[in-house]
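K.L.:
Spelled out, the chains give:
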Amino acid sequence: MNRIGALIWKDVLIEARSRQFIGAMLAFTLIVIVTLNFAFDLIREQRETNGAGALWIAILFAGLIGIGRSIAVERDRGTLDGLILSPIEGGSLFLGKFGAALLSIIVVEAIALPVFAALYDLPALDPLVIGIVLAGSIGLAALGTLFSAVTSGIRSREVLLPLLLFPLLIPILIAAVRATANVFEGDRDGTLRWINLMLGFDAIFIVLSYLGFGFLIED
Amino acid sequence: MATLLNRRDRWLNLTGIAGLIVVSIGLYMAFAYAPTDRVQGHAQRIFYVHVPMAWLAYLAYGVLFVGAVGYLWKKDMKWDRLARSSAELGFLFTTLVLITGALWGRPIWGTWWQWEARLTTTLVLWFIYLGYFMLRSYAGDRERAARHSAVLGLIGAIDIPIIHQSVEWWRTLHPEPVVLNTGGPNLPDSMLYTVLVTFVGFTILYAYLVGMKYRVEAARDEITEREMTRMFTTSSETASPSTSPQRISPASGGMED
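Just so you know, the sequences run in chain order P and X. The first sequence begins at 824 in my numbering and counts up one residue at a time. The second sequence begins at 4 in my numbering and counts up one residue at a time.
It should be emphasised that the hints constitute simulated quantities derived from the structure, not laboratory data. Predicted model, so just to flag it, every value in this text is computed and none were measured. Where is the CB? At the ideal position from N, CA and C, for every residue including glycine. Treat the hints with caution; some may be incorrect.
What the hints assert, rightly or not - Quick partial rundown of chain X residues pointing at chain P, CB under 7 Å, derived from the structure:
| id | residue |
| --- | --- |
| 1 | VAL127 |
| 2 | MET137 |
| 3 | ILE165 |
Stated by the list, open to error - Quick list of the computed label-pair ranges, beta carbon to beta carbon:
| id | chain 1 | residue 1 | chain 2 | residue 2 | range |
| --- | --- | --- | --- | --- | --- |
| 4 | X | VAL69 | P | GLU1008 | 55 to 61 Å |
| 5 | P | THR872 | X | ARG109 | 27 to 33 Å |
| 6 | X | LYS77 | P | ARG1011 | 47 to 53 Å |
| 7 | X | ASN189 | P | ILE934 | 52 to 58 Å |
| 8 | X | ARG174 | P | THR858 | 45 to 51 Å |
| 9 | P | ALA862 | X | PRO191 | 46 to 52 Å |
Excised from the complex, chain P in its bound form (with noise of 0.2 Å):
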């Protein structure tokens, strides 16, 4: 447990230190929100199911530029090899990693969340909602490392990334803008079965690339 909080804290000060990822993804969520304004008009009819895709867009996108990233920095920083070789195994060293990139998506959501809330007068703050973006965070993040972990040795890897993430990820996105869009309409329990698959998803990989990240970052 403590090794798995090293590794949190190492990405943590790296990240107060150079700010490269934040606010590359803060910056990327709010001008994919803004932009996917002008392609579903989100300020007239049905712009609760549509608000609830262009939120889940937005966090998706910004899961792939900062997360998909969190293992191939490592390599082309040369401190892959260092992390290898330290003494924690394959699993922790996931844990590790997972715990950082899904505390850099809640930072950039935290930002983001208000400023959608407000430019669409959608109740994006309601608990609820905060509790399902939590719930997709995880899956995403999970997945997103691992996949992460299999293209950073490869060189076209921005175009791999999402094809390999994208179809995994349905049940996460599925549910996420169907729980979304029930709380704008004021469908407060239609939510469950969406959360209660979410919870599921999360549950299965992480343990899934617990046991499997030894694999792939074994070269």
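We have chain P; now place chain X onto it with these hints.
P.N.:
Only chain X this time, still in chain P's reference frame:
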């Protein structure tokens, strides 16, 4: 060694011939024996190809999964060969099930495509296969390609039922299963026999094709290995300082496994 290979070849060829015969009988039955559907007309006959293709699309993924688990566990290339052989056929059958489904859907549903649970899941399966191949082709050395694609295959296998569940809750319109449902098969006997014959025929054909593909992959692995060994030995014998570093570096990739 030679006789062993020959015997294996003979079995493989027999499987291929058997598959061809049963598929031919099945296709004959589909057109001559099975009655014309009262509501759907001749378009219904695509069912006899469509259902086996759908089954094989998922069976092939099941075999890929077995190969992936086997490889991660034993670290033996033969499991990876099985996985990649089955993946290629699975991709073919997934493509065919999507095409035959669209051809049937156009006259019956009035549209090529519906965003319904089973269709959507199969389309996602197609993309997972596609990602699997792209990962393999980008991954570089064989050992890493095998390891990484095995993890992807495993994650995909666990994810597919969840994808199906999520899409099912999302929307549904596919005709209910008529062969495998709880009240027993819900179609005339002649149609049932026909689909069973094509089902068995195409499954045998799949087994044959996996066997053939496995042989091709084994031969390809052996060629790579021989080339590596040859490059390594010749470069160390000639020991020309200008060329040897480039020649040794690919060889070292092959020596790792």
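K.L.:
All the hints need checking, so say for each whether the structure fits it.
P.N.:
Each hint tested on the structure:
no.	hint	result
1	VAL127	holds (5 Å)
2	MET137	holds (6 Å)
3	ILE165	holds (5 Å)
4	VAL69/X <-> GLU1008/P: 55 to 61 Å	violated (44 Å)
5	THR872/P <-> ARG109/X: 27 to 33 Å	holds (29 Å)
6	LYS77/X <-> ARG1011/P: 47 to 53 Å	holds (50 Å)
7	ASN189/X <-> ILE934/P: 52 to 58 Å	holds (56 Å)
8	ARG174/X <-> THR858/P: 45 to 51 Å	violated (28 Å)
9	ALA862/P <-> PRO191/X: 46 to 52 Å	holds (50 Å)
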